[in-house]
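> From first to last, the protein sequence lines are chains A and B.
The opening residue of the first sequence carries number 1 in our numbering; numbering runs sequentially from there.
The opening residue of the second sequence carries number 1001 in our numbering; numbering runs sequentially from there.
Hints are not guaranteed to be accurate.
Restricting the straight-line Cα-Cα distance to at most 20 Å, the calculated cross-link-like pairs of lysine to aspartate or glutamate (DMTMM-like) are [unchecked claim]: (1) Lys153(A) <-> Asp1214(B); (2) Lys178(A) <-> Asp188(A); (3) Lys1216(B) <-> Asp1133(B); (4) Lys1211(B) <-> Asp1133(B); (5) Lys1080(B) <-> Glu1219(B); (6) Lys70(A) <-> Glu11(A); (7) Lys1136(B) <-> Glu15(A); (8) Lys1216(B) <-> Asp1103(B); (9) Lys153(A) <-> Asp1133(B); (10) Lys153(A) <-> Glu1134(B); (11) Lys70(A) <-> Glu15(A); (12) Lys181(A) <-> Asp194(A).
If we take Cβ atoms under 7 Å as the criterion, some of the chain B residues that face chain A in the derived model are [as the list claims (entries may be wrong)]: (13) Ala1115; (14) Leu1119; (15) Ala1123; (16) Val1150; (17) Val1154; (18) Leu1155; (19) Ile1156; (20) Ile1158.
Derived from the structure by calculation, the hints contain no laboratory data.
Treat the numbers as computed from the prediction; the structure is a model and nothing was measured.
Think of the CB as a built atom: it goes at the ideal place given N, C-alpha and C, for glycine as much as any other residue.
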Amino acid sequence: MNEVKTLIWKEITLEWRQRYALNGMLLYVVSTVFVCYLSFNLQRNLLTPIVWNTLFWIILLFTAVSAIAKSFAQERYGRLLYYYTLSSPQAIITSKIIYNCLLMMALSITGFGFYVFVMGNPVGSLPMYLTSIVLGSIGFASTLTLVAAIASKAENNGALMAILSFPLIIPMLLMVIKLAKNALDNLDMSANQDEILVLLAIDAIVIALSLVLFPYLWRS
Amino acid sequence: MKKNWWKILTVVLLFYVLVMGMVGRVPRQPILNETVRNLYFHVTMWFGMVIFLFTSLVYAIRYLRSNNITDDDKSAEFAKTGILFGLIGYVTGALWGSATWGDPLPKDPKIISAAIAMLAYFAYLVLRGAFEDEQKRARISSTYNIFAFVIFNVLIWILPRLTDSLHPGNGGNPGFKIYDSDNVMKPVFYPAIMGWTLLGVWITTLRVRIKNLDRKLSEV
């Protein structure tokens, strides 16, 4: 447990030292939202709540893929060997998943704030919508962390990361869009229980798989 | 000869299926009419695809436990055969759909899940192409194979919650049994599943043998 905590702290310190990467990701979200705003400016009435919701999640999906892709790519070969001597693979993947969850939550909540600011706010139940964002960030981060580990083993991993992750992220994306849609329409809590449980179940499966599979990836 | 009895069985079964499929007696049904014969050629492809993708998963797990490169060859070749069956299933399904549903590709959870499985396994093949080193390629693509198969199962499990299916036996539709009330199709359908699956196994073993020979030649 201590090991995981230290590793998470190391990730945060590293991120804070090279702040340009963090700022870059924030700017990525903000400028994508702004591009969408300008594109829809021609005809604002086309931006129905469904389009609003889908657009937001697609922006988050692309942000997640490009933010998490670098979580293994930035580690140099020598440094990986150094970790290998120090800690267990399970601790490393757990710390990466937790760190990516935190990162995704920060990015998506900032993104949501800016999105509401420029695109208007049709959300019926804000607490529910924020819940869906938090669950979505956790889901994206946990699925994409293992994919990032796989993609980092191949050179030229930018394109590979996208094609490997899109088919795998679809179940998560569909559930989270459904949940967000319920929040948009301000449906009763009982209507959402099913989606929340399914999302948590997928998270559990994906995290368990990452813990089992990462040690094999690690050795190469 | 002793080892090849199943190849003779394949040929015999497929001849039987082809002849019975084209001229055998089938139940008369409104809308379905003669297209009901497609049962032997479309539904069996889906069975074959799932069986081959599962076999590919089993060999991927075996490879990770044994590090034996032929297990990885088998895993890759079974995945390729699975993709081939999936694509043929798509074509036969589109033919059937345009005759009965009036649309070759309606929005249907089974069609979507098959499409996503195809995307994931194409990504698997692209990932395999990204490595020069055999052992590294085997280890990393086996990991992705396992991850992809599990997510594919999650998808099959959650998609019916999101949209209703047009396929028989789903979404309140009656199963296929009621169309075959006097059991004239079963004696062809079950041999058809066996025959097509055996044909797939045959194709796969040939390709695995070619790969083995190639490896031996390059060593000489």
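> So, for every hint listed, does it hold in this structure?
Evaluated hints:
1. Of the supplied pair hints, the one linking Lys153(A) and Asp1214(B) is violated, its CA atoms being roughly 26 Å apart against a limit of 20 Å.
2. The straight-line distance between the Cα atoms of Lys178(A) and Asp188(A) is roughly 14 Å, inside the 20 Å bound, and the hint therefore holds.
3. Restraint check for Lys1216(B) and Asp1133(B): satisfied, since their Cα atoms lie roughly 16 Å apart, inside the 20 Å limit.
4. Restraint check for Lys1211(B) and Asp1133(B): satisfied, since their Cα atoms lie roughly 15 Å apart, inside the 20 Å limit.
5. For the suggested pair Lys1080(B) and Glu1219(B), the alpha carbons sit about 25 Å apart, so the restraint of at most 20 Å is broken.
6. Annotation: proposed proximity of Lys70(A) to Glu11(A) holds, straight-line Cα distance about 12 Å (limit 20 Å).
7. At most 20 Å may separate the alpha-carbon atoms for a hinted pair to count; Lys1136(B) and Glu15(A) exceed this at roughly 30 Å.
8. Simply put, Lys1216(B) and Asp1103(B) have alpha-carbon atoms about 49 Å apart, too far for the 20 Å limit, and the pair is violated.
9. Among the hinted pairs, Lys153(A) with Asp1133(B) is consistent with the structure: their alpha-carbon atoms are about 11 Å apart, no more than 20 Å.
10. Between Lys153(A) and Glu1134(B) the alpha-carbon distance is near 13 Å, which keeps this suggested pair within the 20 Å criterion.
11. Using a Cα cut-off of 20 Å, the hinted pair Lys70(A) and Glu15(A) holds, with the two alpha carbons roughly 11 Å apart.
12. Between the alpha carbons of Lys181(A) and Asp194(A) the distance comes to roughly 14 Å, so the proposed pair stays at or under 20 Å and holds.
13. With its C-beta approaching chain A no nearer than about 9 Å, Ala1115(B) sits outside the 7 Å limit, and its interface hint is violated.
14. With its C-beta approaching chain A no nearer than about 4 Å, Leu1119(B) sits inside the 7 Å limit, and its interface hint holds.
15. Given hint, Ala1123(B) at the interface with chain A, holds; its Cβ is 5 Å from that chain's nearest Cβ, closer than 7 Å.
16. This hint holds: Val1150(B) has a C-beta 6 Å from the nearest C-beta of chain A, less than the 7 Å allowed.
17. Hint on Val1154(B) holds. Least Cβ distance to chain A is approximately 5 Å, under the 7 Å limit.
18. Checking Leu1155(B) against chain A: minimum C-beta separation of about 5 Å stays under 7 Å; hint holds.
19. A least Cβ separation of about 9 Å between Ile1156(B) and chain A goes past the 7 Å threshold, and the interface hint is therefore violated.
20. Evaluation of the Ile1158(B) hint against chain A yields a held restraint, the C-beta minimum of about 6 Å falling below 7 Å.
Violated hints, in rising order: 1, 5, 7, 8, 13, 19; the structure is consistent with all others.
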